[in-house]
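J.: Below are the chains, spelled out letter by letter.
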Amino acid sequence: MIDDRSNIPSPTRLSVVVPLFNEEDSVEPLYSAITSALESFSGRYEIVLVDDGSSDKTFEIVAALAANDPRLRVIKFRANFGQTPAMAAGIDHAIGDVIVTMDGDLQNDPSDILMLVKELERGYDLVVGWRFNRQDKLVTRKIPSMIANRLIGRVTGVPIKDNGCSLKAFRASVIKNISLYSDMHRFIPAMASVVGPRIAEVKVRHHARRFGQSKYGLSRIYRVLGDLLIVKTVTSFAERPLLWFALLAVPALAAGLVLLLAGVAPLFAAGGALSLPVAGSGLLLLSLAATLLCAGAFGELVFATGDLRPHQFAALTRKRFPANDVPPTGEQENLVQ
Amino acid sequence: MTATSVQLSVIVPVGSRYDDVSSVLDAYQTVLDGLDVDYELIYVLDGPQPDVLEILRLEQTRHERLEILQLARSFGEATAIAAGFEVSSGALILTLPAYFQVDASELGRLLEDKDDYHMVVAHRWPRAGGSFEKIRRSVFHGMLRLITGQSFRDLGCGVRLFDRAVLEEISIYGDQLRFLPLLAQRNGFRVLERDMRQSSRDEYRGRYGVREYLRKGLDILTVFFLIRFTKKPLRFFGMIGTVLFGLGALGLIVVVVERLLFGQALADRPAMLLSALLLVLGVQIGALGLLGELIIFTHARSLKEYRVERIVNPAVVASDASAAEG
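Here the protein sequences line up with chains A and B, keeping their order.
Under the numbering used here, read the first sequence as residues 1 to 337, first letter to last.
Under the numbering used here, read the second sequence as residues 1 to 326, first letter to last.
No wet-lab data here; the hints were simulated from the structure.
Hints should not be assumed to be uniformly reliable.
Here are the simulated DSBU-like pairs of lysine-lysine, each with C-alpha atoms no more than 30 Å apart in a straight line [to be verified]: (1) K216/B <-> K57/A; (2) K231/B <-> K232/A; (3) K161/A <-> K231/B.
Kindly generate the complete structure, drawing on both the sequences and the hints.
T.: What follows is the structure, given as structure tokens:
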């Protein structure tokens with residue numbers, strides 16, 4: 001499964017993307033931890049910090065750091081838009097061939113970054129961290145997360161032990177082509193499945209929160225379930241909406257026909273009367289089947305006018321024999337020296 | 001006057017409602033001249049209005065900063081402002097109604113507050129009008145607050161000062177002009193609503209009939225969909241669909257159980273028809289939600305969910321030659 005040949009240009013250009021929201025206490029230690037972890041890195045790197053509309057001094061602190069370090073890029077949001085948009089903005093503005101994402105609360109350990117990059121260079125498109133000794137509350141964080149991961153793996157068909165871990169490494173061309181919206185940062189591996197990526201999972205360190213409060217609670221369970229449904233449907237049916245809606249229409253069609261016949265049948269018996277509720281229900285279900293088919297046709301129109309082109313996904317991960325394929329790269333831009 | 005020196009572009013859309021053109025123009029002009037800014041004044045005639053055009057053409061001989069834009073048909077206020085915006089060049093945009101709404105002498109105070117905000121909108125206060133009108137207004141804005149979580153108290157006021165970036169980012173059409181402050185705030189712009197004295201000549205001459213109420217109701221619905229629906233269609237439609245589907249399924253189960261256990265014939269149960277109807281409706285609404293998700297998913301790359309205020313150390317886009325180096 002793994003290529004001998006890595007499709008990442010050498011030396012590797014690395015972008016570390018970190019979304020920040022009210023992390024004034026953590027950013028300085030975070031910055032120094034990342035820079036010292038990357039001291040031994042042989043390629044070039046940049047750090048992209050995204051300030052998601054913090055109300056505290058986060059931006060002032062990172063802007064001061066950036067004034068002295070051209071490798072540090074800061075994207076300041078106009079308001080608080082959420083973690084997934086922040087992640088997406090960082091990825092959009094990163095120019096490395098390898099992108100590593102992590103949380104800004106110091107729970108991920110920057111010294112794991114190079115390990116992930118090394119794993120990616122072995123020929124993977126996506127390397128996800130697994131917090132095997134997670135330092136969080138058992139009842140409100142670890143148990144719900146365990147159930148969620150099982151469920152996500154079962155439903156999406158991408159069995160990953162720890163979807164919630166932000167520490168991940170990506171081949172830039174792959175992640176830049178995956179749409180991230182809503183709360184999708186938790187579902188990146190599943191969303192990425194449209195590309196057919198080679199995914200590896202490695203154990204990473206995890207620390208207890210040192211500063212500030214956890215920004216999640218149990219309330220997100222509902223949102224995670226909703227997003228799971230969305231991820232499942234869009235990744236599996238986006239390309240063939242008519243087929244999917246037709247599959248939905250089949251049971252309605254069958255049930256409708258049966259009920260209609262059952263409702264009309266008494267007419268043929270001597271002295272029988274038409275059963276209005278039964279025949280009517282049958283007609284309703286038949287009309288449902290018709291609307292679903294129309295919705296499917298509408299879906300085809302939506303897909304045709306959208307900007308998703310599956311062959312572009314295929315190009316990202318294809319292999320050629322003999323191997324003379326030039327891997328598709330992102331924008332030809334220079335990392336800040 | 002060269003276009004590059006313009007700091008403030010004032011756009012006045014002229015629709016069906018306007019007060020005496022010359023006196024409105026004079027009132028605005030006097031105040032604007034008193035401010036220490038380079039400005040241009042753009043009147044946009046929304047559809048052919050020969051009499052207004054004639055007056056404005058005459059005024060043009062007196063007011064050198066006055067520009068007139070005549071649209072070939074009536075497109076509505078939002079499009080008129082967008083058309084004026086296209087020909088404008090100021091970094092700041094000020095929209096003003098073609099009739100007296102706020103006391104013109106207060107316009108300068110909008111500029112004073114502009115520094116800390118991307119947009120400053122006027123709130124006519126103290127406000128004339130009977131108590132019934134007051135109740136009607138507070139009900140409308142209260143409902144909007146409930147839906148959007150943002151509290152604006154006078155969306156009907158056309159006096160708004162904002163950065164060019166606001167209209168560059170938000171395309172308004174149809175009846176959305178009134179909601180521009182809401183949409184701007186949702187895009188992360190900082191918006192201030194500021195009290196301004198109401199003009200003594202501001203009165204709505206039309207009557208509030210059934211039609212007006214219907215329109216207000218539709219307006220609220222529009223905002224509701226714009227704010228709530230555009231990001232997560234399945235969460236919204238899915239919830240409604242699930243509830244309806246659930247009710248329908250429950251009804252069917254009851255009917256079937258009664259048939260099996262108590263032998264009550266299905267043939268004379270209208271409840272069965274109702275349950276089937278709810279079931280069908282639930283699936284249809286859920287299917288709409290799925291279609292909505294499909295639209296978002298297939299357009300996600302053009303629908304950016306974030307707005308950047310500034311970038312420190314932006315990426316240097318180098319030529320291919322230097323990118324190949326190393």
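J.: Against this structure, judge whether each hint is valid.
T.: Outcome of the hint check:
no.: 1; hint: K216/B <-> K57/A; result: 42 Å, violated
no.: 2; hint: K231/B <-> K232/A; result: 17 Å, holds
no.: 3; hint: K161/A <-> K231/B; result: 29 Å, holds
Checked against the numbered hints listed earlier, the structure breaks hint 1 alone; every other hint is satisfied.
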